[in-house]
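Q: Sequence:
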Amino acid sequence: MKKMWKVAASAVLAVSLLAGCGNTGTNTGSAGEDAGVSEGGAAKSVTLKMFIAQPRFKEQYDSYIADFTKKIKEEKNIDLKVQLEMPNPDNAPQILKTRLASNDAPDIFGLHAINEIPSFYKAGYLEDLSDQPFVGKLMDSVKPAVTIDDKVVAVPLETLSWGYLYNKQIFTDLGLTPPTTLSEMKAVVEKLKQNDVTPFLLSYKESWIPQLFLPLAAGAMINTENTDFINRMNKDEGSFSEMKSMFEIIDLVNANGTDRALETGGDDGAAAFAQGKAAMWIQGPWYAETILASNPDFEFGVAPLPINDNPDATLINLSVSTSLAVSPSSSNKEVAIDFINYILDDEASNNFFQSVKFNPLATVHTYESYPWVNDATEYVKAGKSYQDPSIPQAVKDEVGKALQSYFAGQMSQDEVLQALDKSWRDYNKVNK
1 MKKMWKVAAS AVLAVSLLAG CGNTGTNTGS AGEDAGVSEG GAAKSVTLKM FIAQPRFKEQ
61 YDSYIADFTK KIKEEKNIDL KVQLEMPNPD NAPQILKTRL ASNDAPDIFG LHAINEIPSF
121 YKAGYLEDLS DQPFVGKLMD SVKPAVTIDD KVVAVPLETL SWGYLYNKQI FTDLGLTPPT
181 TLSEMKAVVE KLKQNDVTPF LLSYKESWIP QLFLPLAAGA MINTENTDFI NRMNKDEGSF
241 SEMKSMFEII DLVNANGTDR ALETGGDDGA AAFAQGKAAM WIQGPWYAET ILASNPDFEF
301 GVAPLPINDN PDATLINLSV STSLAVSPSS SNKEVAIDFI NYILDDEASN NFFQSVKFNP
361 LATVHTYESY PWVNDATEYV KAGKSYQDPS IPQAVKDEVG KALQSYFAGQ MSQDEVLQAL
421 DKSWRDYNKV NK
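Numbering (my numbering), first residue to last: 1 to 432.
Derived from the structure by calculation, the hints contain no laboratory data.
Where hints are given, some of them may not hold.
[What the hints assert, rightly or not] Below, a list of computed lysine to aspartate or glutamate pairs in the EDC-like style, where the Cα atoms sit at most 20 angstroms apart:
1. Lys81 - Asp338
2. Lys384 - Asp149
3. Lys81 - Glu334
4. Lys70 - Asp346
[Stated by the list, open to error] The following label-pair restraints were derived from C-beta to C-beta distances:
5. Asp236 - Ser369: 36 to 46 angstroms
6. Gln275 - Tyr367: 42 to 52 angstroms
7. Pro296 - Thr172: 11 to 21 angstroms
This structure is a prediction, so every number in the text was calculated from the model and none was measured.
Backbone N, C-alpha and C fix where the C-beta goes; we use that ideal spot for every residue, glycine too.
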């Protein structure tokens, strides 16, 4: 997924991982020459820069990078230092674009497969990885999301089946089941309030969270009643005024949620949800690790968000989000690509993917799926799902900020929709 955190300063987490003993050279390796084993057996020193906007998984990445550092020391006699930068996801896209445009690209960087690969590829920022071993391990359902012009340009980390999260214990205690229409959702909300349970957890401090309404509400409409919306918007022939009905579910959630929404971020929201402060959270299962860290016994489910009274429009969103790419300008390309392949190492990747609670996405993944994954899969099997709409990242960024302002009473519905139209038109001007 995820994306995270409003106007926080970028956290630069430098991880200097120096593996092994022995002689350490003074050179910084490059892909073809310096990265290999030197004459006489002296180790080469290589510094690899990584940019991954998932700071909540810092511990897991540190551990996995340390394992890779040890492996490359043993196999290629390289003393590897990794500088791992993990900015808040709200700020990360702009930081990364600035770096790439100023020829200060990280060797490896994270990007959203659906939202960002097309524009990054067009700008020449993505190395062709088609001939790498990891490609043959990808599940057939995953590979297209990281493929463009018949080239695989990233290794996927997260595949997502999501809608909203609900507290299974609360639903069971009150005899509730996930609603299939907006009217049913209103009835669920009333039943919860009658039993002194707050229906929704609101955590809007970070703009990427209210942004989730767009791929859910607009996405479901695009896949049922407005199927040519994306194409028309790409031609400046559509308008978000066609999506105005999405405010029905947005307003329902906002009117029946926890207090201090604009002061509550993702981590705080996860802790509150795990403590039973609300029955539902408009959020994806990418927060599973954080939720369970607060309450290991907590049971939550994943269900599709109703947006109107058409049950056929109550659908699970299927997506490939965070993926890792290699910069074509990297001076350490060989080592960077070695790490990209290590992401889907036949053995090590199982523990890593389990530790961050990502879904299996490769044939080498043999670990058991999580209960919330199975919940979403049941909807998918029943044909109740759609592919995440290809909405430009700039538009998603804009809707997050606009919905924060809407919640605060600073923008009207029409003003939000006009801001989204303008954002898409501006995107078209740059990307035509």
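Q: If a hint holds in the structure, say so; if it does not, say that too.
A: Quick rundown of the hints versus the structure:
no.: 1; hint: Lys81 - Asp338; in the structure: holds (14 angstroms)
no.: 2; hint: Lys384 - Asp149; in the structure: violated (29 angstroms)
no.: 3; hint: Lys81 - Glu334; in the structure: holds (15 angstroms)
no.: 4; hint: Lys70 - Asp346; in the structure: holds (17 angstroms)
no.: 5; hint: Asp236 - Ser369: 36 to 46 angstroms; in the structure: holds (42 angstroms)
no.: 6; hint: Gln275 - Tyr367: 42 to 52 angstroms; in the structure: violated (28 angstroms)
no.: 7; hint: Pro296 - Thr172: 11 to 21 angstroms; in the structure: holds (19 angstroms)
Of the numbered hints stated above, those contradicted by the structure are hints 2, 6, listed in ascending order.
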